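**Student:** Heads up: the protein sequence lines correspond to chains R and C, in order. Just so you know, the first sequence maps onto residues 1 to 292 in the numbering used here. Just so you know, the second sequence maps onto residues 1001 to 1292 in the numbering used here.
These aren't lab readings, by the way, just hints derived from the structure by calculation. A hint or two may mislead.
To be verified - Chain C side only, calculated, beta carbon under 10 Å to chain R, not exhaustive:
hint	residue
1	Ala1002
2	Ala1011
3	Glu1015
4	Gln1064
5	Leu1069
6	Asp1109
7	Thr1111
8	Pro1113
9	Gly1230
10	Gly1232
11	Gln1265
12	Gly1267
13	Tyr1268
14	Tyr1272
15	Phe1274
Claimed, not checked - Okay, derived cross-link-like pairs now, PhoX-like style, lysine-lysine, Cα gap no bigger than 25 Å in a straight line:
hint	chain 1	residue 1	chain 2	residue 2
16	R	Lys237	C	Lys1018
17	R	Lys5	C	Lys1018
18	R	Lys20	R	Lys5
Fair warning: this is a prediction, and the values are worked out from it, not measured in the lab. Glycine included, C-beta positions come from ideal geometry on N, C-alpha and C.
Number of protein chains: 2
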Amino acid sequence: MALEKLSSNKAFEGELIKYKFKSTVLGGLDTQFNVFLPANASKGKVPVLFYLSGLTCTEDNAAQKGNFLGPAAKEGIAIVFPDTSPRGAGIEGETDSWDFGVGAGFYVDATNPKYAKHYNMLTHVTAELPKVIQEAGLPIDFARQSIFGHSMGGHGALTIYLNSLRSGAKQYRSCSAFAPISNPTNCPWGQKAFSGYLQGGVEEAKEQYDATELISKLGGKPAHILVDYGTGDNFYKAGQLLPENFLKAARDAGYDEVQVRVRSQEGYDHSYYFMSTFGADHIHFHANFLKA
Amino acid sequence: MALEKLSSNKAFEGELIKYKFKSTVLGGLDTQFNVFLPANASKGKVPVLFYLSGLTCTEDNAAQKGNFLGPAAKEGIAIVFPDTSPRGAGIEGETDSWDFGVGAGFYVDATNPKYAKHYNMLTHVTAELPKVIQEAGLPIDFARQSIFGHSMGGHGALTIYLNSLRSGAKQYRSCSAFAPISNPTNCPWGQKAFSGYLQGGVEEAKEQYDATELISKLGGKPAHILVDYGTGDNFYKAGQLLPENFLKAARDAGYDEVQVRVRSQEGYDHSYYFMSTFGADHIHFHANFLKA
């Protein structure tokens, strides 16, 4: 699983590097990711944020448009930007929809045999990427990880974080999300994805892949979560995001707004303009825990 | 020349709006531009920066990736993002090259009859856009304009600014550029563009469209110019930018580094990662003059 360096751009005194490697968990396909290393990484290992992107995106969109690199450079934090699905699996129909298949891996490990060989973005993000990055000797301290994401990637960040708390693994110190799909078993995007990727469909997803379901099952274990969504977001209005469901479940489970903060941002939409506005906020939120 | 609003995104408490209108100076073609209005524009007119983009870009690239909106919001400055050429003129060959024709208007008024009806980005940017924006009643104070740009747009910003000083019009208070084509009559990009757009070719361009030529002819009139370029920029290495020529001409003409500052940025390339790194710097530079 050797990393091949595809490109490098200096940014904010640090470096954004694009790598390619043959992914075992994605069924032997080539996959790409970007990693931003702040300048201080040349002097020792730095903490890391994993950023999970939304539907149709690649490893590039948020690196270019998220307004994350400047704040991360200031805080001395690395960011890893994975892709959003395997590419080139050649599974029938995988490129027919923009919200399923290629560009839409939903951060699950597929159990439906049709997808199980390739669509394993959960293990790719949580285990394989940290492993290959560590083996390549990049100056990242994986004892200090946090995770965030947008939309489908917000769903990924929340569920990965909550599962890691629930299991006691505590792989991540904090989690944040922009306009996350917060209760996917109750919205069309999630229902379509889970029906496709999981043998047990939506019912199977409730166990592991729904942030609103998961927060109820944590037994009050300490959590550090920040969520922003915009009231002008058409996907929010269409009932794809359902942040209120997540918020209610969190409060019902006893989490106060210090532990689980969900902010409604007046007039903002689903775009990178929204994310770039609050990007620095999110980086600073994570820095509190990553640098503690 | 009524403006049609195509979209609007809230960003940094302000608003990024995309407009379309039928442009007289571009031969009656539809053209688009983005304008960022900071939140304080709701309380009164704000100063404005014109941003001129580089080869192949549209009005969108820098709005999304330049890291300009946050700093402009903080300073209370509007930014206008024009397109880089007319689109849809239907002139033979205009889409054959990425560095000439569509996406590559070079901010000139064409004198070659083949292009003269449509390729008039100079007048479009300096006169037509301010006029239609003013007529539409947008809260912008055109007595406080400055101008900046990238690569081909850096050439545009410098030449437009220097010509405005030279003529005494002083339409702009300050000028800055990222990796500008600084001496286009001496580089392949400029020679190709001028040979195409101008009846008198490169010789005609020396009079009006070459920053290095122009700065020598100012007679020492006060100037406020900031230029950044990266030493890792492949176009710089290939001799397309020639910032040293501009710098030498400025010093020969008596400008010190307070009036004409040219910064060589170690290791940075030609990309938006470079621009986003120094975007806030440029906005703050202009704010000194726009808010004086």
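**Student:** For a quick check of understanding: which of the numbered hints are violated here, in increasing order?
**Tutor:** Of the numbered hints given earlier, those the structure breaks are 1, 6, 7, 8 and 17, listed in rising order.
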